[in-house]
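A.B. asks: The primary structure of each chain is shown beneath.
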Amino acid sequence: AQSVTQLGSHVSVSEGALVLLRCNYSSSVPPYLFWYVQYPNQGLQLLLKYTSAATLVKGINGFEAEFKKSETSFHLTKPSAHMSDAAEYFCAVSYNQGGKLIFGQGTELSVKP
Amino acid sequence: KAGVTQTPRYLIKTRGQQVTLSCSPISGHRSVSWYQQTPGQGLQFLFEYFSETQRNKGNFPGRFSGRQFSNSRSEMNVSTLELGDSALYLCASSLEIGTEKQYFGPGTRLLVL
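Those protein sequence lines, which keep their order, are chains A and Z.
Here this note's numbering is used: the first residue of the first sequence is -2, the next is one more, and so on.
Here this note's numbering is used: the first residue of the second sequence is 731, the next is one more, and so on.
Mixed in with the good hints, there may be bad ones.
Facing chain A, from chain Z, some residues (calculated, C-beta under 10 Å) [said to hold, decoys possible]: (1) T737; (2) S761; (3) V762; (4) F799.
Selected chain Z positions facing chain A (Cβ under 8 Å, derived; list incomplete) [unchecked claim]: (5) G746; (6) I827; (7) Q832; (8) G835.
Please keep in mind that the hints were generated in silico from the structure rather than gathered at the bench.
Nothing here was measured: the structure is a model prediction, and the numbers come from that model.
All C-beta atoms, glycine included, are put in the ideal place defined by N, C-alpha and C.
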């Protein structure tokens, strides 16, 4: 079955430090890949989307992600964490089955002052 | 442009009752998808509607149903509520069906007692 794995349900970084959130998908066919962020008591906001045009995708709020087919990975990074980045982050894939998104379990990011 | 709106935001029901949740997509968007979010199962796809037709369905029992109206607004219904139906129900809209960016609403939090 198609699945998405996010390594680490909780990641804690210091303000100004590098943010790295890991996502791996299980499929030999490259899917469409997304990262979403969810702030408390809110819906999901799209950070970025892999469109196959470029392996390095830049998103909002300084986040970017790199698609690595050989590793079936789509890790999310940000060079310098801000307190406002504290939230839950979800990696999602779509295999062109309409709008059906398959989500990872989420990674809660904490940012320490 | 107004975002995706969902009503009501919070709902408390008892076992055996039924509930109807509403979603108004972004103006001009024709595709609406529904997701269930729980701490145990994470984010799971329920169904997707486009042009008043269900185009995709997740692995949920028949107690979960939905529909879409000609103005693209969508409703989902859950009959014979169970305790396990307590969740955050998220609606997402996109311009067209497929791998378009999906924009999520704030969700309806349902508590079944």
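A.B. asks: Does the structure break any of the earlier hints, and which numbers would those be?
C.D. replies: Those not satisfied are hints 1, 4, 5.
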